[in-house]
Every structure is written in C-alpha cells, then in structure tokens.
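There are 2 protein chains.
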Amino acid sequence: MGEQSYVKEITDKSKDISRWYTDVVLKAELADYSPVRGTMVIRPYGYAIWENIQRDLDRRFKETGHTNAYFPLLIPESFLLKEAEHVAGFAPQVAWVTQGGEEELVERLAIRPTSEAIIGYMYSKWIQSWRDLPVLINQWANVVRWEKETRFFLRTMEFLWQEGHTVHATPEEGEEETLRMLGVYKAFAEESLAIPVVAGRKTESEKFAGALRTYSVEALMPDGKALQFGTSHNLGQHFAKAFDITFLDRDGQRKYAWQTSWGVSTRMMGALIMAHGDDAGLVLPPKVAPVQVVVVPIGMKETGDDPVAQLAAEVEARLRKHFRVEVDRRTEYTPGWKFNEWEMRGVPLRLEIGPREVERRQVFSARRDVRAKRAIPMDNLEAEVGALLDAIQSDLLEKGRRFMQQHTTTASTLSEFKRALVENPGFVLAPWCGNAECEARIKDETTATIRNLPFDQPAAEGKCICCGQDANIIAWFAKAY
Amino acid sequence: MGEQSYVKEITDKSKDISRWYTDVVLKAELADYSPVRGTMVIRPYGYAIWENIQRDLDRRFKETGHTNAYFPLLIPESFLLKEAEHVAGFAPQVAWVTQGGEEELVERLAIRPTSEAIIGYMYSKWIQSWRDLPVLINQWANVVRWEKETRFFLRTMEFLWQEGHTVHATPEEGEEETLRMLGVYKAFAEESLAIPVVAGRKTESEKFAGALRTYSVEALMPDGKALQFGTSHNLGQHFAKAFDITFLDRDGQRKYAWQTSWGVSTRMMGALIMAHGDDAGLVLPPKVAPVQVVVVPIGMKETGDDPVAQLAAEVEARLRKHFRVEVDRRTEYTPGWKFNEWEMRGVPLRLEIGPREVERRQVFSARRDVRAKRAIPMDNLEAEVGALLDAIQSDLLEKGRRFMQQHTTTASTLSEFKRALVENPGFVLAPWCGNAECEARIKDETTATIRNLPFDQPAAEGKCICCGQDANIIAWFAKAY
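Residue numbers (our numbering), protein chains in the order written: chain A, 1 to 481; chain B, 1001 to 1481.
Be aware that a few hints might be false.
Stated by the list, open to error - If you anchor each label on the Cβ, the simulated ranges turn out as follows: (1) A:Arg361 with B:Lys1062: 31 to 37 Å; (2) A:Tyr333 with B:Thr1064: 44 to 50 Å; (3) A:Thr331 with B:Gly1183: 43 to 49 Å; (4) A:Asp132 with B:Ala1372: 32 to 38 Å; (5) A:Arg320 with B:Thr1410: 27 to 33 Å; (6) A:Arg180 with B:Ser1129: 50 to 56 Å; (7) B:Phe1455 with A:Ala480: 58 to 64 Å.
I should point out that these hints are in silico values taken from the structure, not numbers from a laboratory.
From the three backbone atoms N, C-alpha and C, an ideal C-beta is built for every residue, glycine too.
Model the full assembly from the supplied sequences, consistent with the hints where possible.
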C-alpha cells in the first residue's frame, strides 16, 4: 500500500491545528469558501453529516414531546426593540433588509439572528388559557449574525441551527424544561458525536441577551480550548412581559407565562472535526458518519464473473441492510490512493477484498480510529462489523473522556491558574467569588473565561483566585473558541 | 353524536372556496398570519405535513442519485446580473440587504429568490474535468420573493422549497435529467399526495427566467383553476456561459457544461388542502397525514382497569408499530366534539372504542373521505386498518382523476373555448399556432393561460383557436392560481 502518493496532503494536526482544520474541511469536501464574506457553502459530504445530526436530534426532541414549526426569516425592527437586553445584545450583529423589489421599506426588517421576538409575538396570539400550555415548539432554520472574523462551521455569518421555544405555566416547569434540553444536548454530544462535555450554568455576564439564566455544555478541543457546544436558556418572564404572553390560569388569574429557548448549530460540526481528526484527516463516529463502512475491492477484473467483484457485491448486499455502506469500484485509482481518500473522509471502517479474501471466504478490516486490522470470516460478517462499529463509537468517547480528564486542572491561586493554562492547556477548576469584576480581570490577564459553573458545587469554601475573598463558587475556566 | 356544537365553523367549500380555504388553514392550525406583510407562520400541524412531504421527496431524490448541500442565503447583486434573462425575471422580486450591523454595504446583497447564480459560481470552481460530472445536488431552503398579493402557502413572500441543480457533460443528459425530475414530481403528486397532474412543456413566454426549456406538472383545483405544482428546467448552457462552468472532456476539448434546475415548494400544501378538503375541513391522504389513525375512546372511566381504556391502549400499542396513531384521551371534550375536530384536521381514519366494542372485541371505524363506517374485529386489526388506509389513498387519487377527466374539455374554436371555460371550468385542450401573440390575446380575452404543452401531440393538424392559422400544437389551457 501507500506506494502511490496521495495528492491531498494536509498539515500535521499537532503542528498547526488551525491550518490542519482548514485543510481537512476543504480537502474532505465538507465545506468551501463562498463569495459572500463570512459565509460558506456546506458541500454534500459535510451536509450528509449534518443530516445525520439533524435526524438524531430531531428524534430526541420529538421523544421529549416537541414538534417542529416554521417562523418568518424577517423580523420588523420594532419587534427586536421590545426586549431591551435582547436588542442590545443582537443589534450590532443584524443584517438589515431595507428594500423589497422597487419598494423602499418604511420599517427595516432584520434577518433573524434568533427568533425569540417573532415567536414571542405569535405566542401572545396563540396562548389564552392554561389549557394551551405547555407549548413545546422547535424550529430548524438558518440565521444570520454579522460577524467580523469567521471560520468554517465554528463562526459563520449565516449558520444552520435549531431553536427550541417553549412556554410554561410555572417557573418550575420552565426551569425543568431548560435543564431537560441541556441534558438532551449532553446525551447527544456524548452518545452520538462521542464528544464528552461539561454542563453548567453561565455567569451573568455570559448569559443570553434577554435570558434569566443560561446553561451550556462545553467541549474541550485538542488544543486545550473549550468550545461552547449548545446553550439552553431559562427566559423567565422577560419576553412574556415584552410581548404580553399571558394566560388565564386554573385559579382564574391572568398570569405572564414562563419561557425557555435552546439551540445548537452547525458549529457542532467544527467540534466534531477537531475532536476526533488526526494527521490523515477526519475521523467520524459511526453514528453520524455518512458512510460507516467502505469496501475496497483489490485486483478486481471487469468481467461479470470475477470472484472479487462477486464477493464485494455479496458483502454490500448483506451489510446494506444494517449499515451505511459504499463499495469503491472506481478503476482509475489504485487501492492505496482509495485508502488514503477514505481515511481523509473519516470513514470508520474499511473492508478490503482481494483474491486471498475470496479464497478464505473472509474480508480484511481496518479501523480508522486506532488503525487495528484483522480478518472477518464471511459467516460472521454482520455481527463483527456491528461490534467493530460499536467499539469505535465507544472508544472515541472514552478517548475524549481521558483527554478531558488529563487536561483538567484545579487551581487555588492565580499563579497556579496561570501555570496550569501554560503547562496543561485545558479546563481549570478554580474558586471564584461571584463578582463580575474578578471574572473580567481574570479574562484580561489570561484570556481564559468562565465556561460555566458546574451543578455539583463543593460544600467547603475556598478563596477567589482573583481577589482572595471568600469564594463559594467553583467555575470551569478555559480559553475558548 | 353531534349533539354538542363544534365551535370552529367553516365556510361551505362549494359556496366560497377562497374563504373556505382560509378558514381551513387557520382552523386546522396549518398556518397563521405573521406580522410581516406577505409572510406566514407554518404551525406544528402544517409543518408535520411538510415534514412528511420532505421525507418522501428526499427519498425519491436520493434514489435518483442526488445528494443535499447548502448554499448561502445572500447573493451579491453582481452575481444576479450575470445572466441577463435571469436578472430581468427576478430583480423586481428581490429583498435587498444594504446594511450589516453598523456597516453600510458597498454592494447590496439579495436574499436568494432562487440559487442558480450562487450555485453557478461554486460549480465553476468545482468542475474541471468530465470526471467531475454529473453533479447532482439538491438544496432544501427558504427563499424570498417580494410578492404584492399573497395567500397562505399558494403565494407567500418567503417560502420553503427544494431546488435541484445539476451539471452534465452533454445536452442529452441534461434533457434526460430535466424530464426524470419532472417524472419524480408527477409520481410524488399522484402516489403520495393523491393529486393527478398533467405534465408538459411550458411555452417560451412562461418559461423560467434563464432557462432553455421549462417543463411543469399542473394540478386542477375544485374551482376549475389550474395550479402549477412543480417545474423542471433545462438550463442549457445559459448559466454555464454566464459563470464560466467548463470542463475538459474525454476528447481533450474544454467545453461549457449543461445544467438543469427543478423545484417544488410549500405551495404544494395549498394544492393538497384544496384538492381533497370538504365542508368539514381537511381531508389528508394517509401517506402524508401526520396522524393516520385517531382513536377516540367513548365513555372511558379514569380508573386504571377501565376496559375501554384497556382496549384503547391495546389498539394504540398494536397500531403504533405500523401507523402514525393518536389516542384522544382528553376528558374536557365530548366524543362528538372530538370527531369534529379530527375531521377538521383531516385524519384519514377514526376508530371509536366504547363499551359495545369492548364486549364484541372490535373497534368501530369511520373513513374521513367517504364517511363509510364499519366494525373491525380485533383479531384482524392491523390488516384491516392497513387495507382501509390503502383504499383511502387510492380512492382519493381515483376521485381526482375522475374530476380532472370531467373538467377537461376540447375546443376547436375560440367560442367553443370560451363556452367551455364558463360551462365546465377546468382544462381546455385546444390547438394553438405557437405564436406568442395569440397566446397573449387568448389570455387577455379569457384570463386563461397555456399551462403546458402535452408530450403526446396529435399527428393531425388543427386551426389555432385565436388566429385560425394552421396549428400543429395542442395546449392545456386553464385559468390558474
């Protein structure tokens, strides 16, 4: 193998993860630059991963009682203005429509940066009574935020996402929903993307513009930087008051409703690429891989009764019933070239079939993640392929957990904190007094931010690493994407 | 039943189909008005139908070799200007972004009214050699067209659609693809939506702005007006020349590529509602109904061992394996009220379960379409429910075919033509000389337009109904939505 050089070379991941990332995105044909600054094109292979992500998440949303709907792309400026914190947070990022056809608009329209405002308006029409609650709606949509610096998937002016928007009769139900969806994101990240995440509450200065409380799940990337994977907001009654979402409760009283919103986006694709990839390209967890198994016939002759071709066809027919499988029958490329290309594309499992495999009624398997190779007898094909895919899925998560553990440090003073960020970049768990000034000062001095505050807080108190005052909060700090 | 009045009354369909349509859309909660002129909100029940439509079509696209991708929402004005006919056709309908955040844009950006321009630009980057062809990409997306008059689903400023964009090495392959996708639309309309359509070629004056040839499938609505259901365009080399999409062919020559594009939109939802509905509301074909079977327990007691509740649970568990089923266990409504509500929502099959059904180990079924009722023994539940749903699906199509046949007239003179439009509104098949002036004059005098030109043209010639000259073209005329 490998005697024919594979043209699509990529930067070493350990040398320059940023260039490696761009190389992989372009060369695995996940996405491409578009002529509009800050936007990208999601190419078929990248979009196929997104479709698998969508299908998986959508199932989880429906299992938790949600339905999908679709709200307009364009939001009148006056709607954004109704919730003061919301408009302050988003106005600098809005793309404005000022002309429709030949018509100059009287009121300019925002391309949605998020949909709380338009959905809040509709909910005020739809909700009258406690009988109408809860409302559990999700939307799959594109949004636009005018960003200065952009990177494939991680930060783009337009991105695809889902935004859940729910309404409840009590604050307890709202909080329960907020945490339920945070849990869905955590489960999805770990079970399907094989990316471990830490869940917790955002600080006041990092919460969503207009929220009462924001929770997040955060992943750790190989360079030790955290990536905000998803957020779930308890909106309290902020938008209900701004948009007059009230209901007649069982007790005959008219009350403001309690709301949540929560979202994940194509940004997850960035986490997926960075978390698992290596110097040969992408490594995809089987659950979201567009092709789970690639079959490469070797020394196949172009005659109908070629035994290699026949065995490849049998393997394809049998595996297709259970897995996403592709047979690479192209004649213009050598097997070595094909191995490299499918490795670049991160296909979890490769099966090679040549004359020796025909003779022994077996296929030769190669795992993408750990590159382990072994023969699989045809008698046991489906079961062993299934077991290998399961092993790849769980080993990737396990590897991620070890990485996170190894790159999580505790610090009790600012000098320990700074040393940890240099010597072992990753999460640092450290005590914080809860003061926004300390939070800002730590960020200024170290560029690390509080990612979130874990749910399990220690009973014992420490001293804030910044001001030295008593601190009863432990925070996940990290530099972040 | 029916002793309790159902509050959500709707206009009689035969009296005023336009008001009936709006009533049904609002009262079945398919969609709602939005505060942005010309846009709408697709509510969960309407969106669930759209999800079924998407899933079905997406499968058909993938079976014919296509993959999905995603291209940017915003298109620089200069791109739209590259294909002269294209910009002339779409410029009056474009919503323009002129400001991003605080930044005044140097070049304004169009919200895509369709994506040929941006996709053409990307294809010119991606396509180098015959080996890169064909390119078979589809996109599910929202588009915006600044419309003056709008109606739920049928014509909205923003709508959801799919747009296929393919590239081929030869004109023959381009034409073959154009017709293949027209065939996919026809099969989908008839097999899944139970709406018969006529397929044919659009006249020069009705073709897509920038196309070489446009084909359409057209459905006939109950008021005798045609509705353009989907279009498939052979783009020839128009966009390839505008965007420099060339490839090195097998013969060593650099050549312009051949392209197609094709699309259907949420407009189909309008056809679906109008085609099948009746005075009691929606009637949905089982293949796209969000709920295929609704179970209404009657006289159920709220105790764990109530035999009606037990039978309903058994029915639910058994049917859930095969069908989309819902049990209406609400206690605040009477059975009669529930019957009316589920009829309004067009659920194809209702199963009633009361003490008599428990006693006889049966359920009592009522078809939504023809209102036929009969008992189904529990022993044979799955098979009979399946057979009933199949019968509803095929009977709806058959009914549509009969309607179209009854409302299709032939005319050989303009006076016959006018009489047909009055006496039996629907399609009129009539000879046409092929001259755009005659086409325009017929439209001016009758408001009927040529919907398309059928593929099977008669061998014998007639006389144009407008100018009386020899006509070797037979056209499908109709008034249209």
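*Beta-carbon spacing of A:Tyr333 to B:Thr1064 - inside the hinted bounds 44 to 50 Å or not*: 25 Å Cβ-Cβ, so the 44 to 50 Å window is violated.
*Do the beta carbons of A:Arg361 and B:Lys1062 sit within 31 to 37 Å of each other?*
Holds, at about 32 Å.
*CB of A:Thr331 to CB of B:Gly1183, is that within 43 to 49 Å?*
31 Å, violated
_Distance restraint evaluation - A:Asp132, B:Ala1372, Cβ atoms, bounds 32 to 38 Å_ = Given range 32 to 38 Å: holds, Cβ gap about 35 Å.
*Just tell me: holds or violated, for the beta carbon distance of A:Arg320 and B:Thr1410 against 27 to 33 Å?*
50 Å, violated
*Outcome of range test on Cβ distance (B:Phe1455, A:Ala480; 58 to 64 Å)*: 60 Å, holds
*asked:* Is 50 to 56 Å respected by the C-beta to C-beta distance linking A:Arg180 and B:Ser1129?
replied: Since A:Arg180 and B:Ser1129 have Cβ atoms about 51 Å apart, the given range 50 to 56 Å holds.
The structure fails hints 2, 3 and 5 (numbered hints given earlier, in ascending order).
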